[in-house]
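2 protein chains.
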Amino acid sequence: MSINLQQSMLEEIEVELKRQVARLDQARTKPFHEMLTYHMGWTGEGAGSQATGKRIRPLITLLSVYSVDGKDKGKSIEVNWLHAVSAAAAIELVHNFSLVHDDIQDNSEYRRGRKTAWVKWGAPMAINAGDALFVIANQSVLDLKTHYPAEMVVRAAGILNDICLQLTQGQYMDMSYEERTDLSMEDYWPMIGGKTSALLSACTQIGALLGYANEEKVELYRQFGYTLGLAFQVQDDILGIWGDESVTGKSAASDLVEGKNSLPVLYALEKNGDFAKRWRQGPIPQAEVGAAAVMLENEGGKSYAEKMSAELTQKALGYLNQADPQGEAGEAIRGLANMLLKRKQ
Amino acid sequence: MSINLQQSMLEEIEVELKRQVARLDQARTKPFHEMLTYHMGWTGEGAGSQATGKRIRPLITLLSVYSVDGKDKGKSIEVNWLHAVSAAAAIELVHNFSLVHDDIQDNSEYRRGRKTAWVKWGAPMAINAGDALFVIANQSVLDLKTHYPAEMVVRAAGILNDICLQLTQGQYMDMSYEERTDLSMEDYWPMIGGKTSALLSACTQIGALLGYANEEKVELYRQFGYTLGLAFQVQDDILGIWGDESVTGKSAASDLVEGKNSLPVLYALEKNGDFAKRWRQGPIPQAEVGAAAVMLENEGGKSYAEKMSAELTQKALGYLNQADPQGEAGEAIRGLANMLLKRKQ
Numbered sequence: 001m002s003i004n005l006q007q008s009m010l011e012e013i014e015v016e017l018k019r020q021v022a023r024l025d026q027a028r029t030k031p032f033h034e035m036l037t038y039h040m041g042w043t044g045e046g047a048g049s050q051a052t053g054k055r056i057r058p059l060i061t062l063l064s065v066y067s068v069d070g071k072d073k074g075k076s077i078e079v080n081w082l083h084a085v086s087a088a089a090a091i092e093l094v095h096n097f098s099l100v101h102d103d104i105q106d107n108s109e110y111r112r113g114r115k116t117a118w119v120k121w122g123a124p125m126a127i128n129a130g131d132a133l134f135v136i137a138n139q140s141v142l143d144l145k146t147h148y149p150a151e152m153v154v155r156a157a158g159i160l161n162d163i164c165l166q167l168t169q170g171q172y173m174d175m176s177y178e179e180r181t182d183l184s185m186e187d188y189w190p191m192i193g194g195k196t197s198a199l200l201s202a203c204t205q206i207g208a209l210l211g212y213a214n215e216e217k218v219e220l221y222r223q224f225g226y227t228l229g230l231a232f233q234v235q236d237d238i239l240g241i242w243g244d245e246s247v248t249g250k251s252a253a254s255d256l257v258e259g260k261n262s263l264p265v266l267y268a269l270e271k272n273g274d275f276a277k278r279w280r281q282g283p284i285p286q287a288e289v290g291a292a293a294v295m296l297e298n299e300g301g302k303s304y305a306e307k308m309s310a311e312l313t314q315k316a317l318g319y320l321n322q323a324d325p326q327g328e329a330g331e332a333i334r335g336l337a338n339m340l341l342k343r344k345q
Numbered sequence: 001m002s003i004n005l006q007q008s009m010l011e012e013i014e015v016e017l018k019r020q021v022a023r024l025d026q027a028r029t030k031p032f033h034e035m036l037t038y039h040m041g042w043t044g045e046g047a048g049s050q051a052t053g054k055r056i057r058p059l060i061t062l063l064s065v066y067s068v069d070g071k072d073k074g075k076s077i078e079v080n081w082l083h084a085v086s087a088a089a090a091i092e093l094v095h096n097f098s099l100v101h102d103d104i105q106d107n108s109e110y111r112r113g114r115k116t117a118w119v120k121w122g123a124p125m126a127i128n129a130g131d132a133l134f135v136i137a138n139q140s141v142l143d144l145k146t147h148y149p150a151e152m153v154v155r156a157a158g159i160l161n162d163i164c165l166q167l168t169q170g171q172y173m174d175m176s177y178e179e180r181t182d183l184s185m186e187d188y189w190p191m192i193g194g195k196t197s198a199l200l201s202a203c204t205q206i207g208a209l210l211g212y213a214n215e216e217k218v219e220l221y222r223q224f225g226y227t228l229g230l231a232f233q234v235q236d237d238i239l240g241i242w243g244d245e246s247v248t249g250k251s252a253a254s255d256l257v258e259g260k261n262s263l264p265v266l267y268a269l270e271k272n273g274d275f276a277k278r279w280r281q282g283p284i285p286q287a288e289v290g291a292a293a294v295m296l297e298n299e300g301g302k303s304y305a306e307k308m309s310a311e312l313t314q315k316a317l318g319y320l321n322q323a324d325p326q327g328e329a330g331e332a333i334r335g336l337a338n339m340l341l342k343r344k345q
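Just so you know, the sequences run in chain order A and B.
Under my numbering, the first residue of the first sequence is numbered 1, with each subsequent residue one higher.
Under my numbering, the first residue of the second sequence is numbered 1, with each subsequent residue one higher.
Here chain A stands alone, though its shape is the one from the complex (with noise of 0.2 Å):
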């Protein structure tokens, strides 16, 4: 029953994040609307739902929606989830968005086994991709005008760019990392704050506004989504150098070899020993991978970053038992956080 209820949900998600981007389908812009349909994985080569990638945050934005319960401000209303689904397309917009600069800035070549935009189409080409991905995550969160009050689009506009300008501000923070030689763990939290956590929160606080919570219920559902994306982040971090390659799809140990700034890696260098010193004299290359994953367990990297994973989950989970989702949305709500903090255990 649930499972037809996300699958819904997830149809209605494609069909509204397709209409919003033929906003660019036009004659003298058919190219330009390709850029965008292809890296959404919908055309192209390789399209497809590997290429599309699971849609995970406009998921629980919906159920998020649909899992409070409406006369918790007194009124009896039906909540109708697709009354919000250009809201939810607006966080996707804004996650691609973001994923389209982040490819150019980072040199990646690849991105879920295809090509990246600015591969494809050159850096000026992409960079006014991701643009315009963004002005439309915009418009299609004033698009809820249709069925909500204009005081709760402007909120849920707001928002979105709140969290916007964190992501900004985490993205700022990661590349300005790379320099840097003095990194300890409190760098660690406002970067994946801004970068992981604040697009989830989004999510969840505005799907439970859209659901027409009180402050209160708002307020849990941010907290919820906000230590889910900490506690994912953290548990990547562990995955991206002890995860099993055949479960991951990375090679193994490839955030050490990339040099990523992870929590288990800021662990370390917090600590000074033996991995400092050797994350200090420049970058790993894979043959030496496997002896820094044992030196950095060794210096308690991995069972730090455990314990941490497993404090936020435990402080998520409650947030999210305090929030008290209701329903066939709410038990979807519960599984779907169950299902990314105990991933590939």
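No lab work stands behind these hints: they were computed from the structure.
Check the hints yourself; a few may be wrong.
[Said to hold, decoys possible] If you want the footprint, here are the derived chain B segments under chain A, 3+ residues with CB under 8 Å: (1) 6-19; (2) 23-32; (3) 113-126; (4) 151-161; (5) 313-321.
All residues carry an ideal CB built from backbone N, CA and C; glycine is no exception.
Given the structure of chain A, go ahead and fit chain B onto it with the hints provided.
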């Protein structure tokens, strides 16, 4: 008197822009904030009024607000232009976001005599700085909620984002034209419509809206701004080839060296004479530029563009007369339009 009004407006615009950009002035993102304050012309080498640009767009926005007779809608609304200053700032921020990304896309090393953001901080950081300017533009326009009903805020944000999509479309056309040799004049208008006119139309349209103009008057203001933009761009194209170096500050005919698809050039390409043959053979070096400009003039490129510029100027002033801007701000907006349309004659 009118000078004092414009001076007050320009001062309030600058205060508001600084206030908006200060969203990034936080402990961990101070150098990121500095990228924006540098680009905006407030800090770093060469900071000052030469570096900020003229803030013509936000000024036109506030003059539009204040020049509307607030009684249009049958209500006696005393229009306070200061209430609209965050929308004026939003438009200037959009303009600057597009400049930061344009400079990367065009590989431009200098703007207003200063190094561009990507030259100072690298393209990845500059992409992110442009993104942040656009986010802050959206936050600024949503700040209208302090003084305007939510319905008007949603409408203003909607207009702004619709125009931003046109900006990305104009930019796409401009970049894609670089590879094409089959261009004609019908390719010109949609490109400059998106790149130049759209944002000017946002100034006058949003301005009139926030001045509580009726729908008919909002539309006249919009058409005035749009046509003003077209006329201005055609004139800019003429000056870019036949302008007086000592007045324009650019080397004469530099648009020919840069291979810009300006209106005189597209006219000649459509005529397919000697100039067109030469143009299609590749870049025109500085030494050949005088002869190329004469050839283009002889084939009618200059007189055609002058005719179009005169026609568009009449059309723009016609819309302005119909819009009938009132009082001191009305005088100022007429003066500004005449200045923009008659410069360097």
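Results of checking the hints against the structure:
Figure legend: the stretch 6-19 of chain B, annotated as covered by chain A; annotation inconsistent (0 residues with Cβ-Cβ distances under 8 Å, at least 3 required). Here the stretch 23-32 of chain B counts 7 residues with a CB under 8 Å from a CB of chain A, which clears the bar of 3, and the coverage holds. Under the rule that three or more residues need a Cβ within less than 8 Å of chain A, the assignment of the stretch 113-126 of chain B holds, with 3 such residues. For a cut-off of 8 Å, the count of residues in the stretch 151-161 of chain B with a CB near a CB of chain A stands at 6, and the three-residue condition holds.
Restraint check on the stretch 313-321 of chain B versus chain A: 0 residues with Cβ-Cβ distances below 8 Å, three needed, restraint violated.
In summary, the numbered hints that this structure violates are 1, 5.
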